[in-house]
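Chains as they are written, first to last, in the UniProt record's numbering: chain A, 1 to 260; chain R, 1 to 248; chain Y, 1 to 278.
The set of hints was computed from the structure by calculation and includes no laboratory data. As the structure is a prediction and not an experimental result, all values here were calculated from the model. The beta carbon of each residue, even a glycine, is placed where N, CA and C say it ideally should be. Some hints here could point you the wrong way.
To be verified - Beta-carbon label-pair distances, calculated as ranges:
#, chain 1, residue 1, chain 2, residue 2, range
1, A, 51, R, 145, 52 to 58 Å
2, R, 228, A, 156, 26 to 32 Å
3, R, 235, Y, 61, 41 to 47 Å
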Amino acid sequence: MTAATLFQPRRSSKILRNVGFVALPLLVLVWSLADLTLGRELLEWIPYLASGFAMNILIALCAMVLGTLVGVLFGILELVPYRLLRYPVVAYVQIFRNAPHLVLIFATTYIFPFEIVVFGNYLPFPDWVKAVIGLAIPASAYIAEITRGAILSIPTTQWEAAKGLGFSRNQTLRRIILPQCLRRSLPPWMNVAASITMGTALASLVGVHELLHAATDASTAVRRLDFTVIAYIVVMAAFFTLCYPIARLTRRLERRFNAA
Amino acid sequence: MQDINLTDLFVSLTGRLGLNYEFLATGYEAQIWRDGFITTLYLIALLIPVSLVAGLLFAACLTSGRVWLSTPVRAFVEITRNTPTLVQLMFSFLVLNTFVSDLVGGAQNNPLSPFFWVVAVVGLHIAALHAEAIRAGIEAVPASTVEAARGVGFSQLQILQYVQVPLAFRASLPAIVNNLINLVKLTTVGNAIAVSEITYASIMVWTQRDNVVSMMIVILAFFSLINLVVARIGLWVERRLAVPGYGL
Amino acid sequence: MSPTKLTKLLFGLALSISALTSTQASADATLDRIKGRGTLTVGVILSGAPFGYIDPKTQAQKGFNLDIAQALADDLGVKLETVTVTPPNRVQFLQQGKVDILIANMQYTEDRAKILDHVPTPYDRSGGAAVVRKDSGLKDWADLKGKPVCVSQGSNYTQPLMEEYGAVVKALPSQPESLLALQGGNCVAAVHVGATVGLLLQDRSEEWKDYAIPFPTELIPSDSVIWLRKGEKDTQAALDAGVKKLHTSGKLLEFAKANRLLNTEYLQRANKTLSASK
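Generate the whole structure from the sequences, applying the supplied hints.
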């Protein structure tokens, strides 16, 4: 193989990868300019669709924060020497790692009450929060496995060495093991983040006002086939523009950590 | 007769635990529900080979080094990986399906069913994930091994057939099993387009009876069981194929 | 982990979930709560004109059901708050207490009456109509035997279509998807509340020129009623008085005309009989 043939595909794939960031939004733009009545209709609905997408982002952020907090804790608990503590956590991780996201969203939406009583006050418990919990459950199960795997990947000699230096078990975990775990678990964590972000579209099936739901509302109101098509492409474009950079960054980090 | 008595016993026992499975004693709901289990299993049994074959094809295109082959596949892989499967499914079922109908001259001639679209969308989505795993596996085959094979006099094709693919398959097996578990979970999106899998069947029951908890317990147990089996089989294959001294 | 251990754990988890839910009993104080909060929360369905839809211009919710909800809230002297529901989630939303009442195209059926209570005076009467292709040759409900028919998930037409007419029911998340599935050829008929599909075919005659509603009868015509949770007698009584008032004052007829309901026969009759009995 000559240098030229090696160079050629790499350059074209690089262009392709960068086109990826804007390709779908560009398609929407070109189409709405080509058919102005369609473009005007779409422009009218953009604020409505945008409010839907804001909901997707909100759900994804909250679910990841909650899922990460619980997941890291559970990942550590999976390794504690006390069976009474370990077994329930292992069961939680096994069941919810294997459960479909959609089923968990159905479960949290329909099983949790719509409001909770805290010290005699009624706190509303809106749908989107239930969707957050429905997605945080599988996220926490994945992140627990990632954390566990990361902790196990640190050679035991490091624990011993730290002990030799006079660190307690707790100190070793906090100062030596976890910082290394953080680096190793960042790429898989970002994969979970992307998967959860895309999972937010499932919330439309339980009536949360998010992007896919908004697109269905809009196409019901407009009732034009080409509008329905472009509405779905807008939905895909929105998710793609959000998730593709995450995926690119993940791959870059993976490569860098593998090389190191 | 024996069967009905067992059902009654089950309903009354679970009823005492606060669970409601009364629909089992009725006609059409119990039927839908039983069919739901079968449809889910059938979907999974069909999707696993479909996704693997398509994944291999995609991986072959991606690593072929031919731009006109790898570029469209790369674009497809990126789109399917980075957009929600539910949106893809709705788009295919509501938009692509209409185009197909127009193409064949009317909806009545369109042979594509919702079932087909679930198999196509979920199958290709998982195939894209397989392709990435296999590609990474091929790249992970040590250059020295390939050199050695070339030194022994293997042709490029022979190297691919006897060295790269077998080793790549082993290296990517954990990732493939992981994808298959995702595949099992993804079959549930079928309910959005009326494929009568288990979630759809459960919705049909709980909208009429308000027994979400009872249905949920069964669904969660069912999927845990399937995925346990898939993971076990994956582990078994991994052990059977393990090459001493290669990999972890 | 061994399978037996997993089974045990699973069972334990199942028990804790069921224990969690059994503690959330809803109190019978809805009317007090409505008055206390100053809002009536109504579950409405936005499956299209005339009952409930989003206005393309203002993106506000409009329709017959919305008008009724507003009038009832005014009658109780409280503000109206609407929650959009879909056929598969409406009963759960009511049971959870997320909404106080449902005005959501739900007709009276015996099965529903087992798990929910309803306001005895209906606000309309309607049945299911089947939209089919004109060239399909389908003439009556019995012709649907063995054929795929689209409905909404949670529709009360599922059971009669399957048990009485032997149709293969395909239930989609909501009415727009069901109609798109019909256009895509995934079913031979889409069965929905008569007035919505009737108006759709009339308003969108160009897009729907190949389709018609050819069957002479409606499927299980029954009373459209307002649904509420079991045992909430006070709310039921207050709303019943409100609905009766809307009938006698002719307001319901007005709403029906403003929203272009195709068939107001039932409402005219109810207006006469209820006014006479007063």
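So, going through the hints one by one against the coordinates:
Residue 51 of chain A and residue 145 of chain R have their C-beta atoms about 55 Å apart, which keeps the hinted 52 to 58 Å range intact. A hinted range of 26 to 32 Å for the beta carbons of residue 228 of chain R and residue 156 of chain A is consistent with their spacing of about 29 Å. For residue 235 of chain R and residue 61 of chain Y, the Cβ-Cβ distance of about 53 Å falls outside the hinted range of 41 to 47 Å, so the restraint is violated.
The structure fails to meet hint 3 from the earlier list, while all remaining hints are met.
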